[in-house]
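Enquirer: The lines below spell out each chain.
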Amino acid sequence: MSDRSRAGVRRPPQRHLPLQVLLGFLVVYFLVPFWWVIVNSSKDAPGLFGGGNTLWFAGRIDYLGNLEQLFTYDNGIYGRWILNSTLYALAGGVGATVLAVMAGYGFAKYRFAARRFSFALVLGALMVPATALVIPTFMMFSEFGLTNTIWAVILPSLLNPFGVYLMHVYARDAVPDEILDAARADGAGEVRTFLQVALPLMRPAVVTVLLLSAVASWNNYFLPLAMLSDNRLFPVTVGLGLWQGIASANNAGSTSLWSLIIMGALVSVVPLVIAFFTLQRHWRGGLSVGGLR
Amino acid sequence: MIEKSAPSAQDRTYKIRGKVRFREHLMGWLFVGPFGIVFLALLIAPLAYALYLSLFQKRLIGGTSFVFLDNYVKAFTDPSFLSGSWFVIRFSLVSIPLQIIVALAMALILDAVTSLFARFSRLMIFLPYAIPTVIGAVMWGFLYSKSFGPLSDIFGLFGAAPPDFLSSNLIFYGLVNVVTWQWAGYYMIILYAALQGIDPALYEAARMDGAGKWQIALRIKIPLIAPALLLILIFSLIGTLQFFNEPQILRSLAAGTIGPDFTPNMYAYQQAFALANFNYGSAISFALGGIVFVGVYAFLFFTRKRRSFL
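Top line first, the protein sequences correspond to chains A and B. Residue numbering for the first sequence is 1 to 293, as defined by the UniProt record's numbering. Residue numbering for the second sequence is 1 to 310, as defined by the UniProt record's numbering.
There is no bait here: all hints are sound.
Straight-line distance between alpha carbons at most 20 Å, and here's what the computed EDC-like set of lysine to aspartate or glutamate pairs gives:
1. B:K213 - B:D111
2. B:K213 - B:D199
3. B:K146 - A:D44
4. B:K58 - A:E143
What the simulated footprint calls covered on chain A by chain B, stretch by stretch (three residues with Cβ under 8 Å from a Cβ of chain B suffice, anywhere in the stretch; the number is not a length):
5. 20-30
6. 216-222
By construction, these hints were calculated from the structure, which means they are not laboratory data. Glycine included, every Cβ here is placed at the ideal spot set by N, Cα and C.
Throw the hints in and build the complete structure from the sequences for me.
Expert: This is the structure we're talking about:
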């Protein structure tokens, strides 16, 4: 669908110089914060506050020293936060994807009672702001003694109505009924038809939903901030927010904490950037599905 | 989004063989069921619970009592809630059009320019979306900072005083900048994907009729990606009205500027978790959720007449 050559007309490469210059400015704007973080995570506290050029390296470049400090500070709590984020993103991402793929396929391929009504409910849920759910979910979980546990973060991230919507649209278009009927006629059960015939056809959308839900869990801030009080359960977002609050509160006494935060921000971004770049072919195809209907 | 499916061969077959229908219902529910359980437990139940909680009030003396809509009356006459709501409305009116215009302009450029640099740019412009909003806010907090941000260096070159985006005068624009930086690339990718889905034969036909590049962009490309534009408009509306992460993070750097009631969401968080006033916090959450829902639904209702998106 994103392949122009398939549409028939093959266009020669277009190079508009003014537009490329404009693009160059935009790229600089979008990259400045990264550049600042990359440069300044090489500095120690004197380099950071010494008044040198803030967009260029100071005399001493000490990435390894800062990394070592980051991972040893406060008994290596930062490493724990990264592991927590990984756990929350994987459990939440995989769980949400399994549920969304099954539900999207079910909505697209079976005519069952209350189907239209249920699907309308899911679409309505797209409009419910996620943060409006945080306080009541916290209250519910506290009744069951689930707050301040990993489940308080993982369970709410299983809910992904947008994933169901994407999978529904994709399954409807990419999995022809005739193929399913043929598999059934050959004696395959419904589950086997789903796993062996439909699922491979839905793979691009599955990757998209998996990536988007894993990233949503990794990026989550409000929910774990509300749910968790034990800082050893924090994801990296809440942890860095905590450090940032401490460092701002006693500015003079915690100059070394600032260099940890900068290094910590850089490290926390690396897994997501890798995930997006390695999987970009898949998620972009999947997003076009949502944007075209 | 409500799909209109033509009766498939499957439908007809099942109408003839009524016996099979029970199996069809059962299988459908088996596939949808697991999500349904999560949906009931983590969406419907919390919403119902929030509604329930919001109708009560806990007092030091006399315990918890049913107060019906008192909390809502209180919210809609509470200067903190009203000023926060007014802020997010003003913020939406400025930041959403800006994000969409930037995203659309970038998508159109990237659709028109096909060079190696354009492909590289596409990825770089998208990069901020891969950054957690909290980390994005931390990064911009650094850049705005007087003690180690580059603004004083850059403005010093021209002999000018640096703007303080953490001051109460400029925090609005400081936040508009963070949000645009964070989201424009994501919206650009959605619009770009939609542009790539257009059949280029249409452009050929338009060119033969004498249409220029601008006319093709304005009269063909933009109308054809209207559904994608509507989608990102809704996304940004839902996201902006529940604004929380960025101001919450920048708060510690701009304590005098951003109060605990800066946005309705922050106010609800403060009421619930700092003041243990869960009933009022729930009422604010529910009122906010209700406003978003009604707002988006009304918006969709009015656009539905002209667009086939929903």
